[in-house]
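J.: Could you use the hints to bring the two separately framed chains together as a complex?
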Amino acid sequence: MPKDSGIGASNKRREDIRFLTGTGNYTDDINLNGQAYAHIVRSDMAHGTINSIDVSAAEAIDGVVKVFTAADFEGVGGIPCGWQVTDRHGQPMQEPKHPILAEGKVRHVGDPICVIVAETAELARDAADALNIDITELPAVIDMKDALADGATKVHDDLTNNLCYDWGFGSEDLDAVQNAFDTAHHVTTLELKNNRLVANPMEPRVAVGDYARHSDESTLYTTSQNPHVIRLLMGAFVLGIPEHKLRVVAPDVGGGFGAKIYHYAEEAIVTFAAKALGRPVKWTSSRSEAFVSDAHGRDHVTKIELAMDKEGKFLAVRTDTHANMGAYLSTFAPSIPTWLHGTLMAGNYTTPLIHVNVKAVFTNTTPVDAYRGAGRPEATFQLERVIDKAAREMGMDPVEIRRKNFITEFPYATPVAVEYDTGDYHATMDALLAKSDHAGFEARAAQSKANGKLRGFGIAHYIEACGIAPSALVGQLGARAGLYESATVRVNATGGLVVMTGSHSHGQGHETSFAQVVAEMIGIDESMVEIVHGDTANTPMGMGTYGSRSLAVGGSALVRATEKIINKAKKVAAHLMEAAEGDIELKDGQFTVAGTDKSVAWGDVTLAAYVPHNYPLEEIEPGLEETAFYDPANFTYPSGAYGCEVEVDPETGKVTVLGFTAADDFGNVVNPMIVEGQVHGGLAQGIGQALLENCAYDENGQLISASYMDYAMPRADDLPNFTVDHSSVTPCTHNPLGVKGCGEAGAIGSPPALVNAVIDALQRGGHDVAHIDMPLTPGRVWAAMNG
Amino acid sequence: MAKISMTVNGKAVSGEVEGRTLLSAFLRDDQGLTGTHIGCDTSQCGACNVHVNGVNVKSCTMLAAEADGAEVTTIEGMSNADGSLSVVQQAFQDYHGLQCGFCTPGMVMTAAALLKENPKPTEAEVRAYLEGNICRCTGYHNIVKAIMAASGQDVMPVAAE
Ligand code: FES
Ligand code: FES
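If you're matching them up, the sequences are chains A and B in order.
The first sequence begins at 167 in the numbering used here and counts up by one.
The second sequence begins at 906 in the numbering used here and counts up by one.
Extracted from the complex, chain B is given alone in its bound form (with noise of 0.2 angstroms):
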């Protein structure tokens, strides 16, 4: 067992883990921060991304321990100070960017990390970034589309196609 320490959405936190703890696990179970999901266990859906150090990351395929020292941000932590929902987090309810609601903490996550890194995408840039995250409910059109909206381009009123 391994005593870790990092920062989780601004907040101080410190645990015993395994060597093999996973740091979605870690997250999950220890830290109680269920928004993080676990879709597969070959690292291929995205379900589980969080940001560490400000990269996107699938927490699924880094070790706790790799984490320690570290600023994580979780889906819990995308909202605004006040509660409000975050552009991003708008936008997918705006444009109906999600069904079951699986798939959707992953996909915040890396639409975040993707408008940081490229304020305005193009679409073909958008369905490329999303290449590590699987959803089976929307079909991505709308997930697409809530992406485009909140990096502030033009997209079609939802439902007026």
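The shape of chain A in the complex, shown without the other chains (with noise of 0.2 angstroms):
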């Protein structure tokens, strides 16, 4: 039966409320008494060196206000990044600095120019054409093994090249590996790209800068999926604001997917105009910006070999992987191809010896970072397509060679350096083939062929690391932060909560869920609950909603706070009812004594807090509020069979998403309805990479994706509906809600299942097609059959 409260509820969402009448509040949104307007002028050269700029003419429009170029940044810091990776020889990575404003050279279409503040944002937009900037063109280095050559234009002249790492991570022997490949009965070898995205929030980024000279106080209204990173980074690192000068507000955020997580030059330069203007300054992004200003997600270019026995046991995996990392490394882009990536590769498996090996290079592109998922579809990805094409060539069933190659025992400590704490895949193998129904196959894909189609059923199965992550650990990965999450509860004295939480929702539905899990502690209705987020003036330090890790991070902090507060409210309830501490029960907002009829209300217990007349002062402050903090012992390790079913057009090469299957190990769910809706979302992204998204450069670096008229964007009639199930459950050992975390889960799965099933249609058609690499354009898969 499901529960209609509390924990397991598929509670409605309270924040539709004011989403759905207009009334939400997005940082767009706001405006400020007194607000300019910024502009940024971007550069149209993917590399140039920049010779003079003369903002004069500019200037002197009526209106403008001024224009800043790199000169008055003078001072400040450049943009940071999060996160330092140590390449193969204990070195660490090659480093660029990242400034506010182009110093001397422009690196990218879209690098940052100039700002010009004016009276309105068409004013500012206007002024741009009276700028006089001077820019040499400069040869542009676009492909990432070009970038590598000798003799390769170099991105940054203070660079030794363009390489910014070397990594090689996993089985340290690399003589067992080679000597595995060396003897195996069969390896199979598959070269594929993972393709360049963005990630396109339907929110545009905004930040507003303000500044009160009486207190000295800088705020940043700005578009966040973590508004404390953003205070650390720009605050510390960049502008050199202390903390307690400068507060950072993310309202509410119109979808985020990794793009909103980085801090941004914008959000310096509105902050910093503003203090130095003296009145708020506002910009807010085109859609045509956001496409060479966001940061870029995948750009993989990948060698996966796999070597196996002549049962097909997996014996050894190795990995070659070039990763893009564009003109400057953004917060957390040296970790993704990384640790989000080659931490991974064991994927459901008993493989005992892996190694992967990575190049992150630097080419004149728009920086490149994690997109939901970072990492985990990458490995997913080679991972899933090569053991489907090694089953091809082995002659096996790819269920059956997955089944044979799971691993069963938990804990699992892989070759990768992770260890699994739970799962049953071959339980979510299972629910992936009754819910699809698999067994009804064939019996379609005939009904096609008589119809002049070619049918594919394509299978893959995914683990990914959630719940980001324990400090320690990452620290010494190379992380500059920790990443513990917190929350305060606050009680008033008629019984009702605010929950403070470090976690910010840019759509997850955080306002409704986590008032499901305290309203359930304690046993009161959800209408006492309020969830606040976004404000660093009011929440505790906390890292944000990324990673799917809002839940089993943020969360487990709020079941800590609320533990906190129960514990001292059974103290005060002791006092009141005159019974020992140790036999008080609390049950549906209720406090009883053990073997007794005495009770005393929720709502007695904090209006005595509050009014403590009658109340142990000598051993408990008055009061109801506490914080936690919680930095995990682990990740967590969600996972899943996904099943998609196709059709293609062999005359046109057109592919038909006719079903998706996604059978997911969440661990245990708080909200069902909330859970589904992110595997929906995932798998629309995973889709729209695998057939119809590509963000493409040619080879002078104009991106040439770049508005929604040439970025194909999956729209509804491009889906098919979704299959979801999550009865599989193993519940994650380490936090307390049991939680595993479902954010990125379906834009992980999704693409090699529907690459697995176009080459399965293929093949089945006569074609001997092994790859095509995504998206699979009818073009592609029209040439891939007739080439």
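It is worth saying that the hints were derived from the structure and are not from the lab.
You may find that some hints are simply not true.
As the list claims (entries may be wrong) - Covered, in the sense of this in silico footprint (three residues per stretch, anywhere, with C-beta under 8 angstroms from a C-beta of chain A), are these stretches of chain B:
1) 944-957
2) 968-975
3) 979-987
4) 994-1000
5) 1003-1012
6) 1042-1050
Stated by the list, open to error - Pairwise CB distance ranges, derived in the manner of DEER restraints:
7) A/E383 / B/K916: 37 to 47 angstroms
8) A/R379 / B/E921: 27 to 37 angstroms
9) A/E608 / B/A1029: 18 to 28 angstroms
10) A/T822 / B/M1061: 44 to 54 angstroms
11) B/G1057 / A/D170: 50 to 60 angstroms
12) A/A949 / B/M1061: 34 to 44 angstroms
Just so it is clear, CB atoms sit at the ideal spot from N, CA and C, and this is done for glycine as well.
T.: Set out below in structure tokens:
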């Protein structure tokens, strides 16, 4: 019986009311008295030397307040990178300066050169025509292999070359790995690309800076997944503002998917300009700007090899990846192809030997960083693709080869440094096969064939590491931050609660699901719990929302803080009922004394805490407010089996997704409705990557897919209805809710399932096609069939 | 600058606009109706959809001056007179047809327009009609369900498939 409240209930979302009535409060809805408008003038060349910038004519225009150039930011720090990766020789990565505005050179289309501040947004935009910027265009490096060639043009003159780092990781005994390949019954090799993407949250980025001279306080309103991280990075490293003089507010945030994690130049620009000009300054990104200035995602080129014995048991995996960093290092960029990718190369399998090689490369393109899944989709894609190819080469069934290699005993320590706590991969595979009517596929395929179409079924099984992350561990791996989370629970005198969390929703519905957790623990109605987030002024230091961490880490902090509240409230209740504290029980919002009929209500206790007339003042303080910080003991490991059924039109190469089934194990689930919505959204993005989306540069570094006219966003009629199952539950063993995280799964598991399905369809149609790079556009599929 | 007046959500309003001012900008900046969102600059996302004289339009593709004298309805005008959610809005909440909420105003306007034209659409018709509205969060699955439910057709309850 589904629950109708508390943990496990599909509560309707309380935040929906404001979003459905146009009363949400997004950053662009904020307008401050006297505000001026910033327009960022960006490079239209991929690489060039700035000879001169003459702003005098623009500044002379009536209504233009000031034009800022790099010279105005002297003494201001560059945008910091939050993760230092150490290469295979123990050397730190090459880390170029990332100035707020281009200094001397522009390095990608979209690189900011100057900032025009004017009385209106239109004036600021128009004034750009009056700028005189002289840039000599230089040859650009776009392709990663070109960038690493001897004598290649350097993106950063002060670095040795365009190699950020050369990283090797996994099984230490390389001879053993080599020997496994030399003596294997069969080795399957696959070269593939993980196509570059643009995250495209529907709300473009916005930043509004404000400054109060009387108190010397700066405030930044920004579209961020993690306001505390922005306060720390911008305050400490860029502008030199101590935290107590800097407030960062991220109000309602219209989607993020990773692209709103990072600290961007525009945030520092408006904060700096507001102080310099003594008035608020607002910047709103256009979609066109977003395409060249939001961090991009993916962009890996990989060769993967899989060694097997004659039964199809995996003996070794070896990979060689080039990962594009773009022109500068975005906040978490170096960690994505390394620690969030290499550590997942075991997948769900018992492969004893794994070695991962990654070269991170600078190019004259927009910086690349985490996008939904971040490293884990790249790992899953290559592994699940090579396994499918191996099954075909070995004459094995793709389900059987996976089952033969599944990890079945937990905890399981992989050769790539992580320990899976729980999972049941056969169970998720069983659920997939049942829910997708896999048994009926052959009949459906015959039907398609009769209609002149090719039908295919593709499977992928994924593992991901969520609940990011144990601070001590990530510190060893190069993170320059901790990755705990926080919550403050404030109980008011009349019993209502305000919960302040360091997590921050940008569509995940925390206001609803977090309230479900707290209300269930105390046994009160959810309407008594309010969730506050997104403002550094009234929430404890938290690391924000990404990496499917909010419930696993933030929810754990919430549980710990609520436990402290309950413990203290029990002391008060014991005093009120003149009983021993150990005998007090809390159920349905009533405190009782075990074995008696004595009871006091939640509200009596909270009132006593704030009106402490009859109160154990000698033992405990009045009031009822507690904070907890939670640092996870391990990652969490959601996993799942995904199946995609497609039909390919052999005449045109067009792929139609007929059905998609996701069978996930997320551990315990707080709000199934929200969880399913997260999976749907992830699937749409993964199917978008596999079928439609591509961020393409020409050889001069011009972004060809720079608007919704050229970048194919998935629309309603591109996608099927989804079948989603989360009935396989192996609760996480090390967090109090037993939850694992669900936000990225859909985007991780779906691209390989879809590509596997198309290859299956083509093979069934007699086309010996081993691989097609994403996106599988009709042109590419047709060429593969006819080439 | 031109003086314009129109009816927005049943209220007579007027203002001075430049010739180039878009209806979306007039609604957001002059009227403070920030429920209408701007998600692109090529008229392709539908976050800015409003009804002008009963027709669903992208307010970023229409000049404010062109709406002079028109009846305009925005998301702020979609609730019932008593402030409760309209059938379409309620269905979006019931079927979890929104996550971040940014595309939502445009989706609701488009859904309402569809159901006026076609009170019992098929699922394929719903998907085709949403062609001009992009949602990055929901994968459309629950938006489609919400619209089918708002049309009074049977759909599976949420989280029970
Ligand atoms: S803002 Fe009007 S269609 Fe995108
Ligand atoms: S709900 Fe976020 S874009 Fe649709």
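J.: Checking each numbered hint in turn, tell me which of them this model violates, lowest number first.
T.: 2, 10, 11
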